[in-house]
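J.: The chain contents come next:
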Amino acid sequence: MGKDTQLTDRVFKSVGTRPMRPDGIDKVTGRARYGADHNMSGQLHGSILRSPHAHASIKSIDTSKAEKLKGVKAIVTAKDFKTKGITDPDLLDIIDNCMASKKAFYDGHAVAAVAAVDAKTAKAALKLIKVEYKILKHVTDVDEAVQPKAPLLNNKCFTKGVDPTPDKASNIAKRSEFGHGDVAEGFEAADVVIERTFKTGQSHQGYIEPHACVASVGPDGTGELWVCTQGHFVFRQQCAKILGLDEAKLKVTSSEIGGGFGGKTHLWVEPVALALSRKANRPVKLVMSREEVFRASGPTSATSIDIKMGVTKDGVITAAEAELRYTSGPYAGSWATLGAMTSFACYDLKNVKTVGLEVLVNRPKTTAYRAPSAPMAAFAVESMIDELADRIGMKAIDMRIQNAAKEGTRSSYGPVYGPIGIGPTLDAAKKHPHMSAPLGPNQGRGMACGFWFNFGGQSCTDLNIGSDGTATITVGTIDVGGARASLALVVAEELGIPYDQVKAVIADTTALGYNEMTDGSRGTFASSMSAIQSCRMAIADMRQRAATLWEIDVDEVVWENGHAYAGESGLNDSNSNHPPLSIADLAKSADKTGGPIAGHAQIVADGAGVSFATHICDIEVDPETGQTRVVRYTVIQDAGKAVHPTYVEGQFQGGAAQGIGWALNEEYIYGEDGRLQNAGFLDYRIPVCSDLPMIDTQILEIPNPNHPYGIRGVGETSIVPPLAAIGNAVSNATQVRMTHVPMSPPRILAAIHAEAASDD
Amino acid sequence: MNKVFLWGGLRPAAGGAEFVEIEALTIRELLRKLAERHPKLETLIDSEIAVSINGTIYQDDWSKKIPKDAEIYLLPRIEGG
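Going line by line, the protein sequences match chains P and A.
Read in order, the letters of the first sequence correspond to residues 1 to 760 in our numbering.
Read in order, the letters of the second sequence correspond to residues 1001 to 1081 in our numbering.
No wet-lab data here; the hints were simulated from the structure.
None of these values were measured; they are calculated from a predicted model.
Built from N, CA and C at the ideal position, the CB exists for glycine as well.
Hints may be right or wrong, so weigh each one.
Claimed, not checked - Using 30 Å as the maximum straight-line C-alpha spacing, the simulated DSS-like pairs for lysine-lysine come out as follows: (1) A:1003 - P:350; (2) P:199 - P:168; (3) P:134 - P:168; (4) P:160 - A:1068; (5) P:160 - A:1033.
As the list claims (entries may be wrong) - Pulled from the structure, derived: some chain P residues nowhere near chain A, Cβ distances all over 10 Å: (6) 79; (7) 179; (8) 567.
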C-alpha cells in the first residue's frame, strides 16, 4: 500500500508499490533488442575513418582507391553533408562533429565513412582513403586553453556574454554570470576566508551499450532509422534537417537502451549512417566500438574552478564567489553556465557571484552527463564548506543546516525558492545512524549536498482500452530506468485496475506527437503527467458510456476504483438499482456505445521542481599506497512521490556509483601529442560491484505541487554530491585537503607527501 | 507592472540592465515586449531563455499566465542528462 501525500490527500493503491518491471524478463533472457540487435534485409556494414591528430587542417581527402575496392558501396565525407540554408549554429556544430569539414578538432574526429558488404571490406576501404593533414598546435588542458597565447581552435570565436564583444578571438566561447549582493562587502564581514582552486578530470558516462543504428533511406526520400537513443523524436528532427528529408517521411524507432546518462541525447553516427544509406541505396548498420565511444562520443567537461568563501565564527557564510572554467570540446556549449548556476544553489547566501567560462579545447564535444556540470561545482563548494566548518570548529553538517536554502531564499542563480527539500535531507542525514557509526583506522567520513533543476517539456501519450478491459499506455519518451513500470503503475492507479492489466509501450515517431528526450530527470515526471490526463479523458468517456447504458444523465455517474457507479455517492450508494460497471464491462459494449475507448494528451509538462540530495560516505585510505576503499555510502534524496520505490532507489544508487567512479578513478588521459591514452574499460576503470558496498538509500517524499501525484524527477541529482562527499571523506581520513578529481591512489599519495613536505 | 530580472549573460544585450519593468499577462506577451524593447535579445529569446515565475521554471509554455506582482527571472534554458 502506498503512502498518503499531503498534496493529493489520497491513499495510493498502485503508486508506491514494487511490482516486477514489465521489461525485466526480456532484458535478463536476452530477448530485448538493443541498438546492434536489429538488421534489415540487404544491409551494409558502415565504418568511420577518424583523425589520428588532436588538431589538424584537412588539406584533401582522396577516396578514389577505396571506391574501386570490390564490395564498397558508398563513401561519404563532409562534402556529402550540405549545410547551405542551415542557420542554426548548434546544428552546424553537430554536422561538423559528425563529419569534420575543414579541420579535425580532436583525436577521433570523423573524416570519412564507408559502407561495404562486410566489416572486413569496410576496414580495408578505410585504409585506402588518403587524408592529407596539416598538423596544428593543440590544447587539451582547460587552464592552458584560456591563456592568451594558447593555440586557437576557432578564429571566429569571440566571447559571447561580454559587452562589448571582444575583437580578438579566443578559446573562451561564452561568459555567464549569476549572483546577487556585494561579495566584497561579504568578505569584509567574514572571520575566516578561504580561497582554493579545484580541478576535475573529464569523465565518460560509461554506458555499457555503444552507440548503434541501422539506417535506410530510399530514392523517394523516405527513410527509417533504428537507433539506440535517449530521444528518437529529437533525432528524427535533427537528422531530417541534416539530410534534407521531410520529418514525416523519416521513421525513427528507439531500441532498448543499455544506458545513456545524457550521452545518448546527441547525434554521433546516425546522420552518417543515413547519408551512407542514401548514397548506397541500401540499409547501413553502424556500430561504434568501445574505443570509438571514448574517442568520439561526448564525455563531460574537464574543469578548473577558483573559489573563495567567507564565514563568521558563528558559521554564517557571508560571501561566496567562484570562476568556473569548463571544457566544451571544440564547439560552444552551456556547461560552465550550468556549473555557475548550480554551484551555490543549496545555500542561503546574501552575497554570491559566479562566473562561468565555456572553454574550447581539442577534446571530443562535451555532452550532458546526469545533472550536467553540477557535480564538479559541488565538489568545489562542498569541499570548501567542510574546510570552513573545520576552521571555525563547527560540525560540517551543522554549518550546512544553518546556511541551507529554504522557501523564500533567493537562489544563487536568481529566482526565489518555493517549497524545497534541502533542509529535510540534511535533517534526515543528521539523524541517520550512518552519521554516528564508529570509524576504523585510516577511515574518514565525508558528506555533501547536491542540487539539480529537473525539467519536463513536451509530452504526448495515448491510452487505449482493449476489448477485455486491459489498458495500453503509449508514450514517446523512452524508458531508460524503469519508466514503463512507473507509467503502468500510474495508469493502474488512475484507472483503478491492477498493474498487470496495463502495458506501457514506447512508440516510434510515426505513432505519436513530438516528445522530448529522456533527460533532465523528466521521463517519469512528464510522461506520467500526460498519462494521467489521457486516463482522465478516457474516464470521462467511460462515464458517458455508462450513462448511455443506464439511460441516465452523465452527472449521475461517479467513477471510483475502476468502476462506474450510478448515483452521487458512487461506491457507497446503496440506493442505485444499477450494478457498477467495470472497465471490462464497458469495453465489452464499446462497439455499441461509441467505438474504441481511448484517451490522449499532448502537454508541456513544466513545473518539474528543483531537487536536492545529501550523501554520507566512509572511505578507508591506505596511507602507504593511496589506495581507497568505499566502506559505507548513504544517499538521502527527495523524490516528491516515489512511484516505484525500488527504481527510485536504483536511480539513487546508480548516480552514487557513477559519482564514486568519477571521484576515485575515471579520467580521460591525454598524451603530449593530444591523443587519448586510455580509450577502453581496462585503462578507464569504472567501478564494478566488487568495488562498492551496498549503497543505502533514504527516500524523502516532499510532494511537487506542480504534479497531480506530487512526483519529482529523480534520475540526476544523485550524481551531484559524490565527488565532494568522497573528497571530504578522503580529506578527513588523510588530514590533507583533496582538490583534484579523480582521487586516484597516485594523486592521494602525492597530496599526502606534499603535505608532509610542507610540514617539514 | 512586473520586474523582470535578467541573468548576467543577458544584461549586455539589454544595455546592462539588471532588470526591466514590463506589464504582461502571459509568458508570450512578456517575451514579445522584451524583444520589442531590446531587439538584441530576440535571438536569445527564441532559443536560450527559460522563465522563472515565482521560483517555478517554465522552459516552453508561452501560454502560462503571469500572476500580478509575480517575481520573474529570465534564466538560461537547462540541459539535462
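J.: Does residue 168 of chain P lie within 30 Å of residue 199 of chain P when you go C-alpha to C-alpha?
T.: Satisfied, since the Cα-Cα distance of roughly 27 Å is no more than 30 Å.
J.: Are residue 160 of chain P and residue 1068 of chain A close enough, with their CA atoms no more than 30 Å apart?
T.: violated, 34 Å
J.: Hint check: residue 1003 of chain A vs residue 350 of chain P, CA-CA at most 30 Å. Holds or violated?
T.: Answer holds: residue 1003 of chain A to residue 350 of chain P is near 20 Å, not above 30 Å.
J.: Does residue 567 of chain P really sit off the interface, with its C-beta more than 10 Å from all C-beta atoms of chain A?
T.: holds, 37 Å
J.: Keeping to a limit of 30 Å between CA atoms, is the pair of residue 134 of chain P and residue 168 of chain P held or broken?
T.: At roughly 24 Å apart (the allowed maximum being 30 Å), residue 168 of chain P and residue 134 of chain P satisfy the hint.
J.: Is the claim that residue 179 of chain P lies outside the interface with chain A correct, judged by CB distances over 10 Å?
T.: Check fails; 7 Å does not lie beyond 10 Å.
J.: Mind verifying the non-interface call on residue 79 of chain P? Its CB should be farther than 10 Å from each CB in chain A.
T.: holds, 28 Å
J.: For residue 160 of chain P and residue 1033 of chain A, compute the direct alpha-carbon distance and say whether it is at most 30 Å.
T.: Satisfied, since the Cα-Cα distance of roughly 23 Å is no more than 30 Å.
Checked against the numbered hints listed earlier, the structure breaks hints 4 and 7; every other hint is satisfied.
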